[in-house]
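Trainee: In the order they appear, the protein sequences are chains A and B.
Everything in the first sequence is counted per this note's numbering, starting at 2 for the first residue and increasing by one.
Everything in the second sequence is counted per this note's numbering, starting at 13 for the first residue and increasing by one.
Careful: at least some of the hints might be erroneous.
[What the hints assert, rightly or not] Covered stretches of chain A (in silico footprint by chain B; criterion: 3 or more residues with CB under 8 Å from a CB of chain B, positions within the stretch not fixed): (1) 16-23; (2) 65-74; (3) 98-107; (4) 122-130; (5) 135-142.
Calculated from the structure, these hints are not laboratory results.
Think of the CB as a built atom: it goes at the ideal place given N, C-alpha and C, for glycine as much as any other residue.
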Amino acid sequence: MMTNPVHRITQGQFSFLPELTDAEISLQIDYGLARGYAWSIEYTDDPHPRNTYWEMFGMPMFELEDAAGVLLELQSCRRTFPQHYIRLVAFDATRGVESVVMSFIVNRPSREPGFGLIRQEGQGRNIRYTLHGYVTDRPEGERGE
Amino acid sequence: MAIGAEAGNEAPQARNDGPTAITDAKRRYRAGVIKYRQMGYWDPDYVPKPTDTICLFRITPQDGVDPIEAAAAVAGESSTATWTVVWTDRLTACDSYRAKAFKVEPVPNNPGQVFAWIAYDIILFEQGSIANMTASLIGNVFGFKPLKALRLEDIRIPVAYVKTFDGPPTGLIVERERLDKFGRPLLGATTKPKLGLSGRNYGRVIYEGLKGGLDFMKDDENINSQPFMHWRDRFLYVMDAVNKASAATGEVKGSFLNVTAGTMEDMYERAEFARELGSVVVMIDLVVGWTAIQSMSRWARRNDMILHMHRAGHGTYTRQKAHGISFRVIAKWLRLAGVDHLHAGTAVGKLEGDPLTVQGYYNVCRDSFTRQDLPRGIFFDQDWCDLRKVMPVASGGIHAGQMHQLLDLFGDDVVLQFGGGTIGHPAGIQAGAVANRVALEAMVKARNEGRNIRAEGEEILRQAARFCRPLHQALDTWGDITFNYTPTDTSDFTPTAAVAH
Numbered sequence: 002m003m004t005n006p007v008h009r010i011t012q013g014q015f016s017f018l019p020e021l022t023d024a025e026i027s028l029q030i031d032y033g034l035a036r037g038y039a040w041s042i043e044y045t046d047d048p049h050p051r052n053t054y055w056e057m058f059g060m061p062m063f064e065l066e067d068a069a070g071v072l073l074e075l076q077s078c079r080r081t082f083p084q085h086y087i088r089l090v091a092f093d094a095t096r097g098v099e100s101v102v103m104s105f106i107v108n109r110p111s112r113e114p115g116f117g118l119i120r121q122e123g124q125g126r127n128i129r130y131t132l133h134g135y136v137t138d139r140p141e142g143e144r145g146e
Numbered sequence: 013m014a015i016g017a018e019a020g021n022e023a024p025q026a027r028n029d030g031p032t033a034i035t036d037a038k039r040r041y042r043a044g045v046i047k048y049r050q051m052g053y054w055d056p057d058y059v060p061k062p063t064d065t066i067c068l069f070r071i072t073p074q075d076g077v078d079p080i081e082a083a084a085a086v087a088g089e090s091s092t093a094t095w096t097v098v099w100t101d102r103l104t105a106c107d108s109y110r111a112k113a114f115k116v117e118p119v120p121n122n123p124g125q126v127f128a129w130i131a132y133d134i135i136l137f138e139q140g141s142i143a144n145m146t147a148s149l150i151g152n153v154f155g156f157k158p159l160k161a162l163r164l165e166d167i168r169i170p171v172a173y174v175k176t177f178d179g180p181p182t183g184l185i186v187e188r189e190r191l192d193k194f195g196r197p198l199l200g201a202t203t204k205p206k207l208g209l210s211g212r213n214y215g216r217v218i219y220e221g222l223k224g225g226l227d228f229m230k231d232d233e234n235i236n237s238q239p240f241m242h243w244r245d246r247f248l249y250v251m252d253a254v255n256k257a258s259a260a261t262g263e264v265k266g267s268f269l270n271v272t273a274g275t276m277e278d279m280y281e282r283a284e285f286a287r288e289l290g291s292v293v294v295m296i297d298l299v300v301g302w303t304a305i306q307s308m309s310r311w312a313r314r315n316d317m318i319l320h321m322h323r324a325g326h327g328t329y330t331r332q333k334a335h336g337i338s339f340r341v342i343a344k345w346l347r348l349a350g351v352d353h354l355h356a357g358t359a360v361g362k363l364e365g366d367p368l369t370v371q372g373y374y375n376v377c378r379d380s381f382t383r384q385d386l387p388r389g390i391f392f393d394q395d396w397c398d399l400r401k402v403m404p405v406a407s408g409g410i411h412a413g414q415m416h417q418l419l420d421l422f423g424d425d426v427v428l429q430f431g432g433g434t435i436g437h438p439a440g441i442q443a444g445a446v447a448n449r450v451a452l453e454a455m456v457k458a459r460n461e462g463r464n465i466r467a468e469g470e471e472i473l474r475q476a477a478r479f480c481r482p483l484h485q486a487l488d489t490w491g492d493i494t495f496n497y498t499p500t501d502t503s504d505f506t507p508t509a510a511v512a513h
């Protein structure tokens, strides 16, 4: 078990709060839609902090008007990947932003083993650090329980 | 007659040639002393070109000095003029080089002061050099005797000149992508006590803060390489703490390693060591000066490094309303010079800053196009031509109990730094970090849900404190702490001047 104060990976906007209910997730989706953001759903079994490219669960949803459509997709993703990390990501295409503007985790595996820190001692007291995700010792597709 | 002569001041031998620019060359260049406005530094009909830099100065002339002559003198002394006529002007296209004061107005509610608008041709400034621009605009002129006081309030930098700068090496958008942190302010803390900790003890504070939930820790401005902690020791221990906290949380973490030093060679050496150790960010202090800032910006750009700017020293010249430079001008220059983070005030914390004025600084850092906004002290439209955006930093005497005010004032794109408000937590540093992170996430969530955080903020914090004991303790400890003093620097403008107070 991870030893940080919330005992889990703390990526995303709301990892320190109690799990968001679907009703609460809907309100966040609405907030993004009202600002013209496009929502997408991404999942992974390798939550290394430098693993930028989680798998896309379908295309970003550019033309939605209410949260129900996103929630439907999310439920489908949860059914397909119940032991993966799943995040909702909002994208803002405004000139000068053109990037992710919201991102929060909406599904986690039942066990989060976290990361080990490998220290490679170099010259002098210099150390090279590597974060190693315990789950990645097993091949892709065999990491859930 | 020279400036000041009306008041009976001792003046150099004067010629009496009338109130406006002398167009007859023979008379204009006769040896002797004439008024600045006769020399061509005052032109009420001048229409600024799109390529001109425009400065707005607040001028307090000495008693008896005519405001228009004072404005012309400021234009002259910040461009080509000297105190007397020189024939060598005639070897140049001298009218191009003369800055032109073109408008003078009394400052509302401040008798004895005037605002003066002055335009500078683009040929006056070397491309890509803040040092060169500042040597003119805030050079000799600030010591000019006929003025009691002088302040550079705002500046319009032409697109053509903006495009000669690279700007922030990373910018707030790419910073977020690199750190994988979106949709909320970033959280930081400055390590305390700022002086005296050994490297080993210093790293402990870093580890606890980051593991507890902060994104960043930070060296203070005056931590360099003193006898109690050599810089290499600090960097080595800090990076162990950063990486260990990253492993414990699964998040990218950083600590602003202050590479400020006595020479550029030392700064480069320190920055390179920070890079070797895998730091995502280095920091410098404003006191290193413009050229050093631009050099470090280039270095940061070549090395994929976020460059954090601590505005150490700015209060000596930005705080007093009558004399110096407004911080909004410093912020504009720093965006051009190229920093990624900039301390820009808290409005609610322990350091100077009227809320609207501080919002003006934030807008200068983050806008794609800054519109004139007099209540926030912004006098000019400013097109930033897609120059990257600077992440403002709010630091100094803020705590979790103010989270609703901070989020309401500054939005998502800001680093909120709770130093004492993390490290001084009664249950320890990790608990302090948890309190801040929970308060922040709860407030962002509530705002997105459509709640009015300005009105309901305290209730939202109390609700979150029900499931988070560290937040409960933080609110018990600091909930009532405020720093309510009258700001010294507020904007002066005509339409609704009372709003600024």
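Trainee: Now, for every hint given, state plainly whether the structure supports it.
Mentor: Hint-by-hint comparison with the structure:
Coverage of a stretch by a chain is defined here by at least three residues with a beta carbon nearer than 8 Å to that chain's beta carbons; for the segment 16-23 of chain A and chain B the count is 5, and the condition holds. Against chain B, the segment 65-74 of chain A contributes 0 residues with a C-beta closer than 8 Å to a partner C-beta. That does not satisfy the three-residue criterion, and the hint is violated. Residues of the segment 98-107 of chain A with a Cβ under 8 Å from some Cβ of chain B number 8, which satisfies the need for three, so the listed coverage holds. Closer than 8 Å: that is the beta-carbon criterion, and the segment 122-130 of chain A has 5 residues meeting it against chain B, so the requirement of 3 holds.
Taking a C-beta to C-beta cut-off of 8 Å, the segment 135-142 of chain A contributes 0 residues in contact with chain B, too few for the three needed, and the coverage statement is violated.
This entry does not satisfy hints 2, 5, going by the numbered hints stated previously.
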